[in-house]
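Chemist: In case you want the letters, here they are:
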Amino acid sequence: MSLTHDDVIYVARLARLKFDSRELDRYVEQLSGILDHIDKISELDLSEIEPTSHVLKLSNVFRDDEVRPCLSQDEVLANAPEVEEGAFKVPPILEAEEPEA
Amino acid sequence: MAAGTAYEPVIGLEIHVELSTKSKMFCGCEARFGGIPNTRTCPVCSAQPGALPVINREAIRHIARIALALDCRIAPGSIFHRKNYFYPDLPKGYQISQYDMPFAVEGHLDVTMDGEQHRVGIERVHQEEDTGKNIHAGESGRIAGAIYSLIDFNRCGIPLVEIVTKPDIHSPQVARSFLNKLKNTLQYLDVSDCNMEEGSLRCDANVSVRPAGSDLLGVKTELKNMNSFKHLEKGLAKEIERQIGLLEAGRPVVQQTVHYEVASGEVHPMRSKEYAHDYRYFPEPDLSPLEISQDFVDDVRTGMPELPSVRAARYVTELNLPEYDAEVLTSNRDTSDFFDETLNYFDDQKMLSNWVMGDLGAYLNASGKKLSIETVSPGQADQLCWLSPAGFGEFLAMIKDGEIAAASGKAVLPEMCETGKTAREIVEEKGLAQISDTARIEALIDRVIEANPEQREQYKSGKKQVLGYFVGQVMKESGGRANPRTVNEILREKL
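In the order they appear, the protein sequences are chains Z and G.
Take the first sequence: its letters are residues 1 to 101, numbered as in the working numbering.
Take the second sequence: its letters are residues 102 to 596, numbered as in the working numbering.
FYI, nobody ran anything at the bench for these hints, they're computed from the structure.
Keep in mind that the hints are not guaranteed to be accurate.
Unchecked claim - To give a feel for the contact side, a few chain G residues facing chain Z, derived at Cβ under 8 Å: (1) LEU153; (2) ASN157; (3) GLU159.
Unchecked claim - Within a straight-line C-alpha distance of at most 20 Å, the following computed DMTMM-like cross-link-like pairs (lysine to aspartate or glutamate) qualify: (4) G/LYS123 to Z/ASP65; (5) G/LYS234 to Z/ASP74; (6) G/LYS123 to Z/ASP64; (7) G/LYS184 to G/ASP379; (8) G/LYS123 to Z/GLU66; (9) G/LYS234 to Z/GLU75; (10) G/LYS335 to G/GLU323; (11) G/LYS234 to Z/GLU84; (12) Z/LYS89 to G/ASP190; (13) G/LYS193 to Z/GLU82.
Built from N, CA and C at the ideal position, the CB exists for glycine as well.
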């Protein structure tokens, strides 16, 4: 098993996810499986192979610099839990991060 | 570290510049400052499921210009990455940025300070997108202590270029000077309006100190929120002072973010989150890689505007201006364009330069207005000066031809700038036309000589410098309107 429970708890926390212990066991196993597979690939000699960032053979897909119509304010705010003065209203952003004194 | 040790600051800057494209980086929403909140969004920049980004070609041309102007090497291939973190101004939960394959690397920009040249290395230049804007509700109006925040996504997705310098800067003054030069260069390139108040040019700094002469790097902090040249210099000085204070007290510098408080000019270290900086970058699967061909680079290079250093050299070699003039005139693109345009109407470049650097410069500094070579409309008059290159040329020609005295001109110019009237109109209204009429000047001179018998005796006994006194008196009598050359000539005869 290449991943520990702590690794998965750490990644879950970064992703703002919470698991119970049963889920945690399952994800440790599944994620480890993925990493083990990558270790398997690493056994091959890939020194001559260029790293793949994308699977499609495409590059430079551009658009012209033209302004297109936008959503209305009502439309973009339609699913917002809370709205104030035409803006999305969110809870305080900083909890742990405060000036020392 | 013992007290009395001399310390050397080591500073690297991270500059973010919003590009002045018409539309956003990855969608067609208008990319402009301000606007009614949340009226410039679409499914792409508001992160609706299934929406796909497409790269704005003009943004890539802009970043290529920046890279070339900074003498960087443009990577033949680069890719976008997702920088993952949770913040309410980032609706996707990640920012599209670049990571280990940035657009360009290894450049430099030279700044001259007090006659000494400092080369500041450019580590990298990469393309990313701006985030939304937060307004923090609470007594302080700051993020700390806010009771809630309001998010406006109009800014979200505006093309943003990050420029990272090497830690080559060793004083707050050079940092300021570098940022000034960079801003000037970006303005020449026409890639951004670089308005620091509106946040289209932002600067953070990595700061550490070390014993002078050491090659080691001390622990660095990241200084944020310096939204003007003055605050950059002040913030850096404060942070350097704070770090030296810690070391001298035998305490360590902690690697953390430090917030500069504009109102008080103080720096506040922020307690950092345990998990703050794990962005889990991975290649953005929704965007194809960039392949920048030599043809593309050559094409961008051909279309590059004249850069300030090149223009300054041209002023020296082609216009025979002193290096000082060339430097001052090109330190601001609007002024330099105005100077160039005025040359079409007035051909004494040194006299033009003197007036631009002198009285016109003083007016611009005092009023906070800018010059424009375009016709100014009434709606722009609180930001732009009414003076036109043709009008300025005519004004200077009137001085040169003796129609108005230089001294009167000092009063005429600000009025031209304020009202848009021509020099001729103002001279007529105020009766400032220069007196070159010999008979009238003679009469003035006679009066002055009569009133100053003592000085006259001094002059006669060989004290020739008294002539200056007489010239001054005659000019005063004439309200500054007498032609000084005629006054000089006649005075010499009469005395």
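Chemist: Hint by hint, note whether the structure agrees.
Modeler: Outcome of the hint check:
no.: 1; hint: LEU153; in the structure: violated, 10 Å
no.: 2; hint: ASN157; in the structure: holds, 5 Å
no.: 3; hint: GLU159; in the structure: holds, 4 Å
no.: 4; hint: G/LYS123 to Z/ASP65; in the structure: holds, 6 Å
no.: 5; hint: G/LYS234 to Z/ASP74; in the structure: holds, 18 Å
no.: 6; hint: G/LYS123 to Z/ASP64; in the structure: holds, 10 Å
no.: 7; hint: G/LYS184 to G/ASP379; in the structure: holds, 9 Å
no.: 8; hint: G/LYS123 to Z/GLU66; in the structure: holds, 6 Å
no.: 9; hint: G/LYS234 to Z/GLU75; in the structure: holds, 19 Å
no.: 10; hint: G/LYS335 to G/GLU323; in the structure: holds, 15 Å
no.: 11; hint: G/LYS234 to Z/GLU84; in the structure: holds, 14 Å
no.: 12; hint: Z/LYS89 to G/ASP190; in the structure: holds, 11 Å
no.: 13; hint: G/LYS193 to Z/GLU82; in the structure: holds, 18 Å
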